[in-house]
Amino acid sequence: MGFARYIPIAFLVAGLVLVQQVTQHTGTTFYLTQLTMAAYYALVITGLCLLMGYAGQISLGHAGFFAIGGYIPAALTTYNLEPLREKWLVQTLDAAGLLTAGQDLYGQQVLHVHPWPSCILALLLTAGLAFVIGMPVLKLKGHYLAMATLGFGTIVYRVFLAMPLFGEADGISAVPPFPLLPGVTVSGDFAARTENYYIAFGLLIVGLLFLINLVHSRIGRAFRAIHGSEEAANAMGINTPRLKLQAFVISAVFAALAGVFLTHYNGGIGPSEASVMKSIRYVAIVAVGGMASLWGVFFMGILLNFMSLRGMFGTYDDAVFGVILILIMLFAPNGLLRLHLWQRMRRWRGVDKPKSRTE
Amino acid sequence: MSFLAIQHLHKSFGGLHAVNDVSFALAAGEIKALIGPNGAGKTTLLNLLSGNILPDAGEVIFLGKPIQGLKPFQIARRGMARTFQNIKLFPEMTALENVMVGRHMRSRSGVWSGAGNLPWTWKEEAGIRRKSLELMEFMGIAEHAGTEAASLAFGQQRAVEFARALALEPDLLLLDEPAAGLNIYETAELAKLIRKVRDRGITILLVEHDMSLVMDISDSIVVLSFGRRIAEGNPLEIQNNPEVIQIYLGEDDA
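If you're matching them up, the sequences are chains Z and F in order.
Using our numbering, you'd call the opening residue of the first sequence number 1 and step up by one each time.
Using our numbering, you'd call the opening residue of the second sequence number 1001 and step up by one each time.
One thing to keep in mind: the hints can contain errors.
[Unchecked claim] Restraint-style ranges between C-beta atoms, simulated for each label pair: (1) F:E1143 to Z:R158: 56 to 64 Å; (2) Z:Q21 to F:Q1074: 51 to 59 Å; (3) F:E1143 to Z:W116: 38 to 46 Å; (4) F:R1078 to Z:A10: 44 to 52 Å; (5) F:R1129 to Z:V184: 39 to 47 Å; (6) Z:L124 to F:R1106: 27 to 35 Å.
[Said to hold, decoys possible] Dumping the calculated SDA-like pairs for lysine to any residue here, alpha-carbon to alpha-carbon at most 25 Å: (7) Z:K141 to F:Q1074; (8) Z:K141 to F:K1032; (9) F:K1071 to Z:L145; (10) F:K1032 to F:T1043; (11) Z:K141 to F:K1088; (12) Z:K139 to F:K1071; (13) Z:K139 to F:Q1074; (14) F:K1123 to Z:Y6.
It should be emphasised that the hints constitute simulated quantities derived from the structure, not laboratory data.
Don't be surprised by glycine CBs; every beta carbon is placed ideally from N, CA and C.
Working from the sequences, and respecting the hints, build out all of it.
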């Protein structure tokens, strides 16, 4: 039921294939690299859209979740366990088939955690952390929630910046490719560029389908009700603390998933991914996209990240997103592509008669 | 066992005793009105019942079980629905979606079944929609189903909120000044409607200032003044109660 909601997905797939074909025939496949990266960032942003636009809870800490998703596999898949081979934990992991052996550049034996278990660990850890953070923090509203999540994001940033395990200011490089399935590998190799473009957008579409279905379901309706009036939602028998927490955890896991994939794609991650400016960027793009509009947020997520990654904003990159946020908050706090606009247009055309507005 | 028993309920804000040792009971199927001058503690009492604020002392026994201290959503799940004095709709959702939210606790699909759009949820969604439209029909607002709640006229918003509360299929319905802002004609319609709701087997407790409505529809009336219950009885008794007359009309100087 409600299959009409899938029609735009078909157009999206057609558009993606078209873009790939055009770049191939015009010899501009280098654009696919930034599109792939933009797709992963868009995954964070659509997840944040569920939390902000639908459930009405702001988070200025999502770069933190993204970074946790990136750093954990980065550290685990590059940390050499060979010297620790005698330890029971390493032996147990090895026996469970969770480790991969290999040789480094100098022909030395190395032993790393396989990307799959480290990916799953990163997602579980993020979900757990979001749960623990969200439980107390989501009791706060508006500015207070923004401040608390901002605090969380700052802590994550400082931790990654300070810990030698995470490479301090240099971050972690030489992160190996992620063999998803036999023949399907997330990697930044030039040869795998087209393949990775489809992997990234495939993942994004799966995420988008998840969210589109969710917002059209009973739970999605309850999210929007909480956004509209938490008191009234409570009076409907909606367990508002529980649902807010669910939205928070889902969006955090989306961010972490994007972090895992992008880190394997880029072959590394640095502390700037955890910075507050990144969180602000995500929030700004959700706002531009229309808050409670998954498709608007999706397209803005791709477009603005692509432009940013192509260097179109130059040295003003972070400033641009700050300005966007200010302008949106001043002139269109409900976003640009909002339902209101549609209704207003329908009214101009005289389809809906305007009714007296109260409250 | 009474349907709803309020026993020695007490709530103060700072030094003000908003609700002071109030006790009364509701029988199943009755329409009871809570009246009193401004600041008498009527809305506070309603908020204490629905769990929006916690009492300092006293008990509320609903359907044989104490409910004071429970969270609002838990109390709603026990079978108590309410409307708000200053209408609280979900402004950016359509009227129909507002009512559909009222079916939340009567349905059960979760995050995974919703995100997966699983076939068994289709039937549930269809049921939610059908029931919600039926209630909008009952309230006479079915034609506004697709309109965003914020752009409905005041009276229509009240009707949507009423339908949304009915969607919970409650045993007890709390109405906080349902006639506020309605004209004489609309108030008469409301009286009919409240009776029809009662005939569906729903017990009603309403806070109301419109005396003609209260006297018209109530089986019994509780009068509050400065947080205290000063009288209880049927409409005729209340109209002739000297203490009630005094608080409403003031001291007789003669």
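Determine which of the earlier numbered hints do not hold for this structure and return their numbers in increasing order. Hints 3, 8 not satisfied by this model.
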